[in-house]
Structures are given as structure tokens and as C-alpha cells.
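Number of protein chains: 2
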Amino acid sequence: MDLFCPIPISQYPHVLLAHGGGGKLMRDLIGGMFLAAFQNPLLETQHDSAVAELAEKKIAFTTDSYVVRPLFFPGGDIGSMAVHGTVNDLAMAGARPVYLSSAFVIEEGLPMETLWRIVRSMAGAAKKCGVQIITGDTKVVDRGKGDGVFINTAGIGVVEHAQTVAPQNVCPGDRILLNGDLGRHGMAIMAVREGLQFESRIESDSAPVHETVLELLRAGVQIHCLRDLTRGGLTSALNEISAAAGLTLLVEETAIPVREDVHAACEILGLDVFQVACEGRFAAFIPERDAPHALAIMQKVSKDACLIGQVLPPLPRRSEAKAGPNFNPSPNVILKSAIGARRILDMPTGEQLPRIC
Amino acid sequence: MDLFCPIPISQYPHVLLAHGGGGKLMRDLIGGMFLAAFQNPLLETQHDSAVAELAEKKIAFTTDSYVVRPLFFPGGDIGSMAVHGTVNDLAMAGARPVYLSSAFVIEEGLPMETLWRIVRSMAGAAKKCGVQIITGDTKVVDRGKGDGVFINTAGIGVVEHAQTVAPQNVCPGDRILLNGDLGRHGMAIMAVREGLQFESRIESDSAPVHETVLELLRAGVQIHCLRDLTRGGLTSALNEISAAAGLTLLVEETAIPVREDVHAACEILGLDVFQVACEGRFAAFIPERDAPHALAIMQKVSKDACLIGQVLPPLPRRSEAKAGPNFNPSPNVILKSAIGARRILDMPTGEQLPRIC
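Chains A and C, in that order, are what the protein sequence lines are. This note's numbering numbers the first residue of the first sequence as 1 and each following residue consecutively. This note's numbering numbers the first residue of the second sequence as 1 and each following residue consecutively.
Don't read these hints as lab results, they were simulated from the structure. Treat the hints with care, since some could be wrong.
Pairs count within a copy or across copies, as identical chains cannot be separated in the list.
To be verified - Below, a list of computed lysine-lysine pairs in the BS3-like style, where the Cα atoms sit at most 27 Å apart: (1) Lys-24 - Lys-336; (2) Lys-303 - Lys-58; (3) Lys-128 - Lys-300.
Keep in mind the model is a prediction, meaning the values are calculated, not measured.
In isolation and in its complexed conformation, chain A is listed as follows (with noise of 0.2 Å):
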């Protein structure tokens, strides 16, 4: 999309306290951007709410708010990822992404330019996942009180299948698929941030994934749990669902499939892959029986996608006092390595990575 900005941005080319007032700043602000870019019949009757026709009751809600620094990064920017970020949040529940909001708090001084650019990319990326962006908001603070844009997305997706993909429903038995290489949208941002050079640039993996689930389930495999990578990465993803189920997990380190300038930016950071956000990742917890043919299906859309191993039964526990003081009564999370060594992929405890997303 390459819509010329209907705001004059030589009239007001910063974004002024004024523009969230409730005046005609505003007014122009929304009329002229968010409605141009936008554009659907639902956002365009402004009233307080949205009034839409779902095609189900059955539905699901969640929200992300963005504030990733740098705004713009190679493969992606704030926008397209407030966009995927919550079509994924959707998708991991099994759902169709349908409708999304999108509120702006926005730092008094930020260029009208770049918010423009900001808006385009989530205009881009939501026609492209079939969403629409029906109802907004827009507040503008006080220079120095927030830090050029933060834009929360709320969405709404219908469930139009009678399966529960839900973290309480992962089994003992159950294969872990992954449906491409890690870390690469973390370390795409902290190389910009970090200033450093590879010989070839790494790109975000900013993307909707939701096509992908909607494919297997119409293709009719059983999935019982799916999670996205975001924050605190694989790590984190499997010791939510090993909590929530109540299970051990057992991952091989070699089936992980991890790009060779990734895994450099993280020694040279001194971080750990598994550790990092990725923005268009997600684990999908499948029967075995329909493990063949889930994989057969991730790996239509990335030839990355792979088996990285499978739920076992509760590890039974050693009595405390045997263990000594640092012992973590309940190990859900193993990785098994290249010359077969087993430790414990524990929850990252501390921020490793601020403002990813």
C-alpha cells in the first residue's frame, strides 16, 4: 500500500498535545490517517464501539500492547507487529482472526511521517491477514512522559471447530513441533541496537501464523496446545505449558534449528537462543498419531519446521531433603544435548532482552 498521507504534514509535522484533546486535531487526525489507512465500513461509523455480526459464539479475545525499540528494524517495524503479534495470540487459541483494535499512545513531538509510516504497515499487514481494524483510540502525552509510540492491539477470533487447544489439554505422549528456526526477530533488534555487522543482515520473522493453524485444522489433525515464542522465547513457551499441564517436556538441542549468524549475534551478546523472541514461532503440541502429518503440513509453509521432541509424565520427584538447597523439586523442562547430556531448560529469571515487543 502506498496511500499518500491525507494529513498536511507541512502544517503539523509533529504530533502535538492537541491531536489527542478531542478537538478538531483529533478529529482531523483520525478522519485524515487511521480512517484513510484503515478503512472498513465499522471503523468509519466512529461511534464509542464497534457494533459487528460474528459468524460464531464462540470467540476469542486477547490483547498485546507494543513498544519495541527501534520503531522500524530489518523485516519488520511497530506496526506490522502490532498486528501479528495479536492475529497470532488468536491463532494459538485455534481461532480465526477476524477484528482487531488499535489504540495509540503517542509522545507529544513524534514526526507525523513516521506515524504515518507506522499506520501504513498495520493497514499492509492486516488486509494481508484478512483482519480489520474496527474501532481505535488515540492519546497523546507530554514529551518525555513516553517515548515516541506504543500501540496496543486487542482482537476478536471465532473458533469454528469443537476442539479445546489449550495448554490443560497437552498428554504424555505428545509431539513438540516447531514451525521454523529461533530467534531471529530478538537478534534482528539487538543488532541494530548493539550496532552489529554479519555479513548477511538478520531479518525479524515477524509473521502471521495463523494460516497455518486454520490449515491443519481443516486438514483434521488433533492439536491439543500451541504457543508462540514471544517473550522469553522457547524457554519460556515450554515451561508455561509444562506448569499448565503438569508434565515433563523433553526437547533435543540438535533437532532445533538455529541460523548460523544467529547463533553468533548470541554468543557475541552472550545470550541464550532458546531464550530469545521470535515473532512469528510457536510450539505445537500434537498426538503422535497426527504428528506425521502436522509436520508434513508446517513444513509445506517452511521447510524449517520440525519435530523437536515430546511430553512425557510427571518426572517423579526426589524427596527435597535428599536434594540439597538448590534443588528445583520439579525439573518439566529437559534438554537433551548433541552427545546426549540432559539439563534442565529452566525459566529465564531476569529480563534478558527489554523492549522486543
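Starting from the known structure of chain A, arrange chain C on it as the hints suggest.
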């Protein structure tokens, strides 16, 4: 509600970047604070999206970010406001509010105790409004890149009737009703910010109004349109409706209830009370025959509810040539003063009151 904060505040007296990092601290914050306060089975699944069954396929969807300063003010706080404001936006479309999302953008260093007060207030407001907070998100931005906390809530409501409540539905002859006195929210905030003292303290009017709207619908009142009087106050609300409907609105200044202390505060600060934001006030556009019944219902909730004007056909335009350079060719909201003088109530252009909601 007077829950004991389940996060050990002595251990983490302030919010750290790591509380938004996707690791253990974030899990503890979500599990300990948000789940404890908002408790409901849908939120407790802790999935990427909440999956819910709606009673109707016709829904209303809205979003609002709250950036009000100070965080706590007479009559309310950012937490209860974040619930009331979104509940009210759903009500303005004639919907019964059902589900909210809540997304926090927290500045590193926010006292944990402050966050807990806000979260408790949100939980209390949600309970009173009969809505559930079923999905959420937490981001932490570095010190100096935010301002304490911003909250976004998106909301889903169900439309349980066949009426269309929307600006495009307003007709000539419709009566304009108001559900109470004007300007208290804005002036409560400004009085705190400016250190103004009055004999009686001005308290915000922040409150949910959905019960009044649902009562009107249950009573069989035909509602053409509803609009809450937030940013830009009565003036913006009426101008928006007038523009959307393409009709002239005529309101009687003397009919509009404003408290004496609010008047005084506006005079001191040089503000136009008709442009001051309310958080529990709305204008209703009701066909003439249903207006008395509607007013009686609204007066049961607030004795200040009143008839303030009516909708006229579009005014015939004078030719611009005749009118001189400053003539506004479509004066759409007309205010009739006590002595019968008529003036145009124009859309505010500047930022009267930043960070009011």
C-alpha cells in the same frame, strides 16, 4: 475488596524491567497480582487468548488507553476509570458489557504498592459492572520512557436487541437528554493539578452508565444514538453527532446542569465547562414520543438528568460570498443562552486539558 497483595512487596518494592521480560518475575507478577485480583476461570487458563462463549453473535467492540494524571484523584483513579470508560463505550452502542482485556505499560520503578492499588481498583470496578477481565498483557519500559503506568482496556459487549444505536440514526425532532451535571471529572483532576481549594471537594463523576442504558432498552424506549461526554466534553460530543448525522442541534444553555463549584473552577482556570471531560455522563438522542419516558427512567438514577435540546433539520446555508472570510458555512450545534441569544458551539481546536483520561 481488600485483598492482601500476594506479591512480596518487601522483596520487589518497585517494578523492574524483568517484570515484563517473559520470565519468572513476570509469571510471578501475573500469577500473584493480576490473577489474584481479577480471578475468573477464563483468565486462569493463562493462554495466549481467552476462549469464551457469547450469548449473541451481534457484538460491540471498543478500546481505550488511559493516561490520566494524577493516577489517583478525588472520586476515582486510573484503574476504576479504565473499567468505567470502556464499559461506557460499549453501552453507547446499546450493548451489554461482558468481557474486558487489560494491558499495562508500566514505567520501571513504579512502586509495587501503587500498581496493586490500581489493580485492586480495577477488579472492584469490574465486579460492580458485572464484567470479567479475561485476558491481559504486561509491558515494562525503562525509566523515563513512560509515566508510571498507562492502561489499555478493550471491551466486548453483546447487543441483545434489534435497535441500531448510532450517530447516523439521529433524526430531526429527536430530543437530546443528558444524564447529569457537567464537568466534574475534568475539574476534579484540574483542581488537584492546580492545587485549587473549594469549600466542597469536587469529585470525579467517573461511573458506569450501562445500567441506565440497559434499563432504557428494557423499557422499550427507542434510542437513536448515545454518546458519552469524554475528551472535548459536551461540545465535542454534540459536534461529532451533528457532523455524522448532517443535522443541526439546538441546546438550551440554562437547561444544562453545572455545579456551582465546577463553574467557579472553570472561571478561575479560564475553561469552557462545555468542553470539559466527564466520565459518567452521556447525551441520548431519543424520538420525541419516547423522550418523557426516557427522561423519567434517567431521573430515577440521577435527579440531575434533563432535557437539554433537540435536533433540527440542517440549517440552510448562506452563500459563502455573502458571509465574509470567517463565516462557518455549516453551523451545526447552536447554543441558546438565558437571554435568548444564539451562538455556535464550535468543535474545540486546541488541547484544553491534557491527560484527563
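Here is how each hint holds up against the structure:
{"no.": "1", "hint": "Lys-24 - Lys-336", "verdict": "between (61 Å within a copy, 22 Å between copies)"}
{"no.": "2", "hint": "Lys-303 - Lys-58", "verdict": "neither (33 Å within a copy, 41 Å between copies)"}
{"no.": "3", "hint": "Lys-128 - Lys-300", "verdict": "within (19 Å within a copy, 50 Å between copies)"}
Violated hints amount to a single one, hint 2; each of the other numbered hints is respected by the structure.
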